[in-house]
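2 protein chains.
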Amino acid sequence: MSSFLFDKICFVGIGHICSSLAWAARKHGLARRLVALEISESARRTAVEIGVVDEATADAAQAVKGAGLVVCGVPVGAMEDVGRAIGPHLEAGTIVTDTGSVKLAVVRDLGPHMPDGVHFIPGHPIAGTEHSGPTSGFAELFEGRWHILTPLPGTDDAALEKLSELWRRVGAQLEIMDPHHHDKVLAITSHLPHLIAYTIVGTASDLEGHMQQEVIKFSASGFRDFTRIAASDPIMWRDVFLNNREAVLEVIQRFTEDLTALQRAIRWGEGEVLQKRFTETRAIRRAIIDAKQA
Amino acid sequence: MSSFLFDKICFVGIGHICSSLAWAARKHGLARRLVALEISESARRTAVEIGVVDEATADAAQAVKGAGLVVCGVPVGAMEDVGRAIGPHLEAGTIVTDTGSVKLAVVRDLGPHMPDGVHFIPGHPIAGTEHSGPTSGFAELFEGRWHILTPLPGTDDAALEKLSELWRRVGAQLEIMDPHHHDKVLAITSHLPHLIAYTIVGTASDLEGHMQQEVIKFSASGFRDFTRIAASDPIMWRDVFLNNREAVLEVIQRFTEDLTALQRAIRWGEGEVLQKRFTETRAIRRAIIDAKQA
Chain G
1 MSSFLFDKIC FVGIGHICSS LAWAARKHGL ARRLVALEIS ESARRTAVEI GVVDEATADA
61 AQAVKGAGLV VCGVPVGAME DVGRAIGPHL EAGTIVTDTG SVKLAVVRDL GPHMPDGVHF
121 IPGHPIAGTE HSGPTSGFAE LFEGRWHILT PLPGTDDAAL EKLSELWRRV GAQLEIMDPH
181 HHDKVLAITS HLPHLIAYTI VGTASDLEGH MQQEVIKFSA SGFRDFTRIA ASDPIMWRDV
241 FLNNREAVLE VIQRFTEDLT ALQRAIRWGE GEVLQKRFTE TRAIRRAIID AKQA
Chain H
1 MSSFLFDKIC FVGIGHICSS LAWAARKHGL ARRLVALEIS ESARRTAVEI GVVDEATADA
61 AQAVKGAGLV VCGVPVGAME DVGRAIGPHL EAGTIVTDTG SVKLAVVRDL GPHMPDGVHF
121 IPGHPIAGTE HSGPTSGFAE LFEGRWHILT PLPGTDDAAL EKLSELWRRV GAQLEIMDPH
181 HHDKVLAITS HLPHLIAYTI VGTASDLEGH MQQEVIKFSA SGFRDFTRIA ASDPIMWRDV
241 FLNNREAVLE VIQRFTEDLT ALQRAIRWGE GEVLQKRFTE TRAIRRAIID AKQA
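In the order they appear, the protein sequences are chains G and H. Note that the working numbering has the first sequence beginning at 1, numbered continuously upward. Note that the working numbering has the second sequence beginning at 1, numbered continuously upward.
Hints are computed from structural coordinates only; laboratory data are not their basis. Don't take every hint at face value.
The list treats identical chains as interchangeable, and a pair is accepted whether it falls inside one copy or across any two copies.
Heads up, simulated BS3-like pairs for lysine-lysine below, C-alpha to C-alpha not over 25 Å straight-line [claimed, not checked]:
| no. | residue 1 | residue 2 |
| --- | --- | --- |
| 1 | LYS162 | LYS27 |
| 2 | LYS292 | LYS217 |
| 3 | LYS276 | LYS27 |
| 4 | LYS217 | LYS162 |
| 5 | LYS65 | LYS276 |
| 6 | LYS184 | LYS27 |
| 7 | LYS184 | LYS217 |
| 8 | LYS276 | LYS162 |
| 9 | LYS184 | LYS65 |
| 10 | LYS65 | LYS162 |
| 11 | LYS65 | LYS217 |
| 12 | LYS292 | LYS65 |
| 13 | LYS65 | LYS27 |
| 14 | LYS292 | LYS184 |
Since we're looking at a predicted model, the values are computed, not measured.
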């Protein structure tokens, strides 16, 4: 009388996303056994201590053995190493997915290591906080959020449906997308905002001591809205930018043009240009509130 | 047995900040009578209907008559008109302050209209939401937030102390600053972040329909953090940029240099540059959390 979707789920890297998914899997009874494949000894110890997984190991063969689902939740730049480590041990019928913020690079780096008979279905949950590590996860992270899957041509329908069901059960809404399109959309909605936030907080962190103290003190005037996402995991984000280079460079270019136009309007005192622009942007905020993503 | 600080307070412009201050004045019993001087007929009607003030008028003489305190809460670009309207009717001993986000321009535009014997003490509460209008105020807005006063040389100590006491009673922490320094600090903590947010949301609002829908849908991936402040009052912000031009143009320049450096690192695949920068910014977030301004 079990309603487990999977007998065993293996999480590769037990950071913020995978620990959240593990808690959610426990909460909703989605798997009999949860195992982490994790290279950090302290993360392995912590993950088992807090009970987010039943077992944590650095042995790839042991970790994936008998797993119906393997979820790769490592920085995008580590996917190739993961593929090399787990590839030889994957059993036919296993579903392999990931949670990377870039999809073309994951297809490129993980794809070639997937043996025949393994169902490789890349994915990206549009959820997360600025926190990282195995203690930062919580079961409700995906509730009401989107989960994007970018299946490759010829993906097995039953495997896709089973993976979709997992994400639905943890509360996510599903979207199917082409990986190339995913990377373009996320360059705008996620990668550019993070880069801008890192930049503006970085600009402030270069100020001399006294001025920096004042920026912190008076951050409620706007600045602090940027600092939350600028506190995100540095390695994860380094890898995002290195692995979605073209799309990111294109949106930076567009952003810079738009900033230059506003800068020019300020310099020349063109109040109407500023007011018009500042009015248009309110509509987007309203649309986000209406879409219940605020 | 009254503990009123003022018999009558006059709010010039009953928008987000002044309606919040009026509710806070009621909550803490700071004045016997609250009056709004307001040019918008609908705002006057609303303000009286919801009870945030006892009286609302478009007659400057009537509004400021007998007021121990006049608080100018209009966009910075309207301060000169306000000065011209209220100046001739101000009585000796009255304290006049404002809540503008720029201080040198307010000193320039309001100062010359202040008659002898009137205590003009510019101010700026580091508080506010993205909402505007008389219905958006709430009494707790200033609690735990900073209020900056930028008194001019020769300001009367008793008047400064009385105004400070008002802000302390509504829960604010006080900071005294030179107006020039204020404008430089706020250009970084507030004006640049708002400009950047307006820019990035504007970039998204220029996308063609389908792409724009996707940006809204997947905004939880970073973008939505910017949309809140990009929904702020367009006229208020137009006036900020037009009236703090030099300081804003200087910080845009600094920001653009920093963005260009990161853009270059992405183009050339310089992972260490990115990782180093993304690590430094975490410290600022921690400092803001420690300062209880998060």
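Those earlier numbered hints the structure runs against, lowest number first: Numbers 3, 5, 6, 8, 9, 11, 12 - these are the hints that the structure violates, sorted from lowest upward.
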